[in-house]
Amino acid sequence: MSSAVGKSVPKKDGEGIIKGKPVYTNDMAKRDPDALTVRVLRSPHAYARIKSVDVSAAKAMEGVATVMTHLDKDIPHNIYTRAGQGFPEPSPYDKFILDEFVRYVGDEVLAVAAVDERTAQAALDSVKVEYDVLEPVLDFEKAEGHKSVIHTEPEACELFPIGFEPKKNLAASYFCEDGDTDGEMKKSDIVVEDTFYTQAQAHYCAETHTCYTYMDGYDRLNVISSTQVPHHIRRIISKALDFDRSRIRVHKPKVGGGYGGKQQIHGEMFACITTLRTGKPAICNYSRKEVFESTFARHQMKITVKIGANKDGSINALDMDVLSNTGAYGEHALTVFMLAGGKTLPLYAVQGRSKAVKFGGKVVYTNMTPGGAYRGYGAMQGNFALESAMDMLAEKVGVSPAKIREMNMIKEGQTSPLFKLMGEGTEGKAMNVESCKLEYCMKRAKEMAGWNDECQVTELGNGKVRAQGMAIAMQGSGIVDIDMASAALKLNDDGFFNLTIGATEIGQGSDTAMSQIAADVLNMDSSRIVVYSSDTDLTPFDPGAYASKTTYVTGNAVIKTAKAMKAKIEAKAAAIWKVEAKEVEFDGKMVKSSDGKNSITIEDLGSNLYYDMGLGALKGQLMACESFTPSVSPPPYMAAIVDITIDKVTGHYDINDYIGVIDCGGLINPALVKVQGEGGLVQGIGMACYEDVAYSDKGQMLTNSLFNYKVPARKEVPKITVEFAESYDPTGPYGAKSIGEIGIDTPMAAIANAIYAATGVRIKDLPLFPEKVLMGMKK
Amino acid sequence: MKLDIRLNGAPKTYYIKDDEYLLDVLRNNGITSVKRSCDTSSCAMCTVLVDGKPVLSCSFLAARAQGKSVTTVDGIQKEADAFFKAMNQEGAIQCGYCDTALAVTVYAMVQELGADLTDDEIRHYINGNVCRCSGYVSQMRAIKTYLGGLK
Chain H
44 MSSAVGKSVP KKDGEGIIKG KPVYTNDMAK RDPDALTVRV LRSPHAYARI
94 KSVDVSAAKA MEGVATVMTH LDKDIPHNIY TRAGQGFPEP SPYDKFILDE
144 FVRYVGDEVL AVAAVDERTA QAALDSVKVE YDVLEPVLDF EKAEGHKSVI
194 HTEPEACELF PIGFEPKKNL AASYFCEDGD TDGEMKKSDI VVEDTFYTQA
244 QAHYCAETHT CYTYMDGYDR LNVISSTQVP HHIRRIISKA LDFDRSRIRV
294 HKPKVGGGYG GKQQIHGEMF ACITTLRTGK PAICNYSRKE VFESTFARHQ
344 MKITVKIGAN KDGSINALDM DVLSNTGAYG EHALTVFMLA GGKTLPLYAV
394 QGRSKAVKFG GKVVYTNMTP GGAYRGYGAM QGNFALESAM DMLAEKVGVS
444 PAKIREMNMI KEGQTSPLFK LMGEGTEGKA MNVESCKLEY CMKRAKEMAG
494 WNDECQVTEL GNGKVRAQGM AIAMQGSGIV DIDMASAALK LNDDGFFNLT
544 IGATEIGQGS DTAMSQIAAD VLNMDSSRIV VYSSDTDLTP FDPGAYASKT
594 TYVTGNAVIK TAKAMKAKIE AKAAAIWKVE AKEVEFDGKM VKSSDGKNSI
644 TIEDLGSNLY YDMGLGALKG QLMACESFTP SVSPPPYMAA IVDITIDKVT
694 GHYDINDYIG VIDCGGLINP ALVKVQGEGG LVQGIGMACY EDVAYSDKGQ
744 MLTNSLFNYK VPARKEVPKI TVEFAESYDP TGPYGAKSIG EIGIDTPMAA
794 IANAIYAATG VRIKDLPLFP EKVLMGMKK
Chain D
1162 MKLDIRLNGA PKTYYIKDDE YLLDVLRNNG ITSVKRSCDT SSCAMCTVLV
1212 DGKPVLSCSF LAARAQGKSV TTVDGIQKEA DAFFKAMNQE GAIQCGYCDT
1262 ALAVTVYAMV QELGADLTDD EIRHYINGNV CRCSGYVSQM RAIKTYLGGL
1312 K
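Protein chains in written order, with my numbering: chain H, 44 to 822; chain D, 1162 to 1312.
Since the hints were made in silico from the structure, they are not lab data. Take these hints with a grain of salt, some might be off.
Stated by the list, open to error - Short, incomplete list of chain D residues facing chain H, as computed with Cβ under 8 Å:
1) Ser1194
2) Thr1201
3) Thr1233
4) Gln1238
5) Phe1245
6) Glu1251
Unchecked claim - Sample of chain H residues with no beta-carbon within 12 Å of chain D, all distances over it, derived:
7) Arg85
8) Val176
9) Met258
10) Tyr261
11) Asn265
12) Asn353
13) Met435
14) Lys454
15) Ala473
16) Asn505
17) Asp524
18) Asp536
19) Arg805
Claimed, not checked - Here are some of the chain D residues that sit facing chain H, going by a computed Cβ distance under 8 Å:
20) Gly1191
21) Ser1203
22) Cys1204
23) Met1206
24) Gly1252
25) Cys1256
26) Gly1257
27) Thr1261
28) Arg1284
29) Arg1293
We treat Cβ as the ideally placed atom computed from N, Cα and C, and that holds for glycine.
Let the hints inform the model, and build the full structure from the sequences given.
Next comes the structure, spelled out in structure tokens:
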């Protein structure tokens, strides 16, 4: 084998990107002097009805091409969801392109398109809007049954039962149980119960959301967008705009960061309407303030966890109750909330060992920036609560944080009843854990950290203390039965291949990893695989980059496709040589018959199939296309230990090292896998320590720029140490599971646990600001 | 107003508005390797070199560059090639949006301080260069590989 898989092959697009090639959406749009600039007028009120709009001055302004308001008859009034999910979406349909009601500060009032930015802004400034201001719902714990109802539109609906009750401000609700949880709690020697709060987090994608649209020579609408979900975008645009799907092409160039923030539709609608109305190209490039206020943030949650255990610490029952804040619209409302339990409780709710588990709760609407997909997708919120509670249990039992986990955590060959009970918005599917190296991950993390089971604290003098805290985590690898990914390979003259995939490269390196997989099956160097991804006209279907799916789901599709291509090469050569296909073998360089009489290089075969007159009708294009739908979603696992030094005088703490040992199965490209793990950790550290989306009492987001929204800088995370367990999942491509999300899950609990070890202060509401440590110590 | 600069070694004349920032002048004239991200001079993704020193082009009035030399990543393609390769080998170029600015900043750091630098000195020089993907440590490994090659 060429061992293309398992090598740290440099990213195919890496050098082009760092050299500054014009590869992002706005770089392309900047080269189109005819493109109109689209700007959106946004609501200054958290909840209001638009009484009147006067856009006469804007319309009369020189250079203004079009003005879009909710009164325009040519803008369809179709209810839809902006969430970029499979169809039917598990998110409620509760959004119009433009509406009479605005439901949060930053909601869309109207839009204009003009010849340049300054004119567009002047047009917005000239607009007069009268609002009937309504009482907003700004406290998610008071949202259910609030006298202000946020969604009163009769069109709002669910596509299948998700517990959608808009009259009560409920976007979704859910409950499931295996066994008699309350009964088992009563029988337990020790019960730990507490409530934890996780805050909204902003993605801070480096590239703001950008969309560039134009009509091509076939009178088709081309949408170039910084999106994670091109195929979903085509479907959503088509339905919302009543526009023939066959006349839409969505293409994603390079994307400057996603993390879930681009798994939905944002400025695309206004750019599309502008181009359809005027026939001109249009660009909608969000400002940073718009991204903060008017895209999505991580769902804020209140999570109550209850764990019942025997005296020895073995867990009998687990109970998680969640209240999630989806803001003004219900994008990803049900699924993020469900995964708070679905991607955490199976760590300990192990079939045949723990006796009962239940999970339930509600997702409420408020007049705040909508919640949406964000790396970790509920799992990280749930992880903070569960893994904090596990340390509380360890203390009550009188064992170390490591010991309580080691005795209760899921192991290879075991299963959890939750796999069958809970899917993503639907029922799940039973699954045995075929690969789980959590025991190794724990052992290795402890070794690396110099973990001491007896004591996790060292006094350093001068009021300073060094302490360690731990947490473990799991994720999934794609969505069972819902995801379907496909790949196509084409043999060219001179024997190189085009690999086309719908999978969405957003920086994580999927183009390169998928090329490596194709190359490995074909036993070639990955440089012979030319990859092109995410173009709804040219590449086969893929849901996109989310749910930790690409390596696992698309990777399996690429293996099937490459195997099919190998078979086609062998069959074609057999036909040319008039032998049986089973007598022909393609070894990556040569195609040979087993009798030794025939052989040809792949370069020559590729060329001959295009040009050799002697082949007559045997000439032809070889192409293969295969798809893969997962029937299981093997979880990657991780054990993490953080080492901090805390100043007990001020509450300030520094992270000395963050150690993560990850079981994500086989490694397709070790360097890229490692950076995914490291990058996830630092985003998780941001959530744990610094990042906090905050609002005024009127619902204005206060943290709408990097001045007042703090993401980690490099001095704050000088050391991150990530290693991998040797692991192989039999269902994964080359044994691989997912790596995209697992890294982000542990920092909140691990750091909170370290702070508790150092100071005795248990912080239950994120972020873990030093002042909370200090105030806690003063109590 | 008329703006004369040397852009990556070549004389250029632009006709600009008085209140235009250098970032917009560059991007509107096809120099799209310079990126806009935060809008508040907080992320350094718009960094270019003016007379060899890193500046945030999103808040640097273009008029201030009159008569000066402006360097973007396009102007150091050969000089920084080993850095590009070191970054790519580490897998440190993730979404890549911050990397053109990181490249010019690392280049300026070496011009200013040389290649014999401690980790803390490196971190201090480039602490303003925000990256949301890489977790920073892969960038650090790449920078050290690059500096090692220069020594």
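*Failing hints, ascending?*
Of the numbered hints given earlier, the structure breaks none, since each of them holds.
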